[in-house]
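Respectively, the protein sequence lines represent chains A and B.
Mapped onto our numbering, the consecutive letters of the first sequence carry residue numbers 141 to 362.
Mapped onto our numbering, the consecutive letters of the second sequence carry residue numbers 78 to 195.
Careful, some of the hints might be misleading.
[As the list claims (entries may be wrong)] Below, computed lysine-lysine pairings styled on DSBU-like, alpha-carbon distance capped at 30 Å:
#, chain 1, residue 1, chain 2, residue 2
1, B, K140, A, K306
2, B, K178, A, K179
3, A, K195, B, K193
[Said to hold, decoys possible] Here's a subset of chain B near chain A, in silico, CB distances under 10 Å, partners left out:
#, residue
4, D98
5, L130
6, G150
7, E151
8, I185
9, L189
10, K193
What the hints contain is simulated information worked out from the structure, not anything from laboratory work.
Quantities reported herein were computed from a predicted structural model and do not represent experimental measurements.
Just so it is clear, CB atoms sit at the ideal spot from N, CA and C, and this is done for glycine as well.
Single-letter residue listing:
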Amino acid sequence: MIVAERKPIEEIIGFVQNCKKILIVGCNECVTVCYAGGKKEVGILASALTMAFMKEGKELEIKEVTLERQCDPEYLEELRGFIDEYEAVISLACGAGVQFLAEKYLETPVFPGVNTLFMGVTEERGVWSERCQGCGQCILGQTAGICPISRCAKRLLNGPCGGSTKGKCEINPELDCAWQLIIERLKKLERLDDYETLIPIKDWSTERAGGPRKLVREDLQQ
Amino acid sequence: MRLSYPVSIRIIRLPCTGKVDVIHLMEAFQKGADGVYVAGCLEGECHYLTGNLRAKKRVEYTKKLLDEIGVGGERLEMYNIAASDGPRFAEVAREMHEKIKALGPSPIREALHKKKAA
Chain A
141 MIVAERKPIE
151 EIIGFVQNCK
161 KILIVGCNEC
171 VTVCYAGGKK
181 EVGILASALT
191 MAFMKEGKEL
201 EIKEVTLERQ
211 CDPEYLEELR
221 GFIDEYEAVI
231 SLACGAGVQF
241 LAEKYLETPV
251 FPGVNTLFMG
261 VTEERGVWSE
271 RCQGCGQCIL
281 GQTAGICPIS
291 RCAKRLLNGP
301 CGGSTKGKCE
311 INPELDCAWQ
321 LIIERLKKLE
331 RLDDYETLIP
341 IKDWSTERAG
351 GPRKLVREDL
361 QQ
Chain B
78 MRLSYPVSIR
88 IIRLPCTGKV
98 DVIHLMEAFQ
108 KGADGVYVAG
118 CLEGECHYLT
128 GNLRAKKRVE
138 YTKKLLDEIG
148 VGGERLEMYN
158 IAASDGPRFA
168 EVAREMHEKI
178 KALGPSPIRE
188 ALHKKKAA
């Protein structure tokens with residue numbers, strides 16, 4: 141999932157301080173799962189903003205809406221009928237959702253209510269960590285299902301660096317060395333021979349280095 | 078026991094403090110409550126095992142949120158009181174009443190009053 145966290149209320153207030161009528165739009169997908177921008181968080185933000193404005197002697201009318209997704213046009217269409225009535229929109233979706241909403245409704249200013257952090261997993265309730273950087277050429281098949289691109293600070297492809305100590309990374313003593321994890325897992329799988337197969341120089345053009353990416357599937361296009 | 082406690086306290090009954098969510102606490106303040114406290118069972122004695130511990134964390138989170146919007150996190154507290162401990166219940170009610178009295182009305186309550194007067 142895409143992991144995000146709520147922006148400080150002060151920053152959000154700054155976006156809409158001169159508004160009288162705003163729309164807060166949540167998203168039912170990733171940001172709901174990581175408790176950053178689902179229906180519940182929309183309600184909490186609306187309450188916090190209402191009180192912050194009341195305290196200043198101002199009134200703020202807020203409509204709360206939570207869409208199934210903000211990264212698909214059909215769900216964004218649900219806002220068509222009433223979005224014009226509002227001076228601004230705060231979107232609690234990830235960066236993709238905020239942008240797509242802004243793209244579809246050019247007349248209304250759209251502001252982000254969360255900081256989008258990474259693609260990751262829920263390790264336990266309240267703990268999320270990164271697992272994928274979307275490099276465009278997955279090598280998990282060779283690395284025992286552990287990604288050295290997203291989990292090694294140096295994104296090394298062939299074994300750990302000299303900074304790996306007792307299985308931990310030199311940038312943070314709490315961070316596992318991805319290559320230590322890979323080697324241990326390969327051992328358990330009795331596939332340690334794979335470790336000796338060199339992974340060739342990676343073509344980073346399919347990663348962000350190659351500029352904004354796009355996928356077209358003609359078989360699905362209408 | 079016929080114990081008395083301040084009339085300013087309004088009790089909202091819940092099956093377990095684990096049911097308390099951030100939005101419930103926020104809405105209490107939004108409606109003009111000067112202070113709110115959550116009275117849960119003693120830690121380790123939750124019938125649902127961790128309801129009161131969850132409530133404690135949500136109260137902590139909401140306190141920070143109230144600080145952020147200038148209402149003041151000190152207006153919200155979590156207490157653990159055994160269901161059978163009436164005297165402690167009354168004591169906490171008095172304690173919270175005094176604390177909130179010293180803090181004065183919440184800025185939201187004042188704003189609501191001004192709005193009503195206008």
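Outcome of the hint check:
1. K140(B) with K306(A): violated, 40 Å
2. K178(B) with K179(A): Violated, at roughly 35 Å.
3. K195(A) with K193(B): holds, 15 Å
4. D98: For D98(B), the interface hint holds, since the closest Cβ of chain A sits about 7 Å away, which is under 10 Å.
5. L130: It is violated, given that the least Cβ distance between L130(B) and chain A is near 12 Å, above 10 Å.
6. G150: violated, 12 Å
7. E151: violated, 15 Å
8. I185: holds, 5 Å
9. L189: Because about 7 Å separates L189(B) from the closest Cβ in chain A, which is inside the 10 Å limit, the hint holds.
10. K193: At about 12 Å, which exceeds the 10 Å cut-off, the nearest Cβ of chain A leaves the hint on K193(B) violated.
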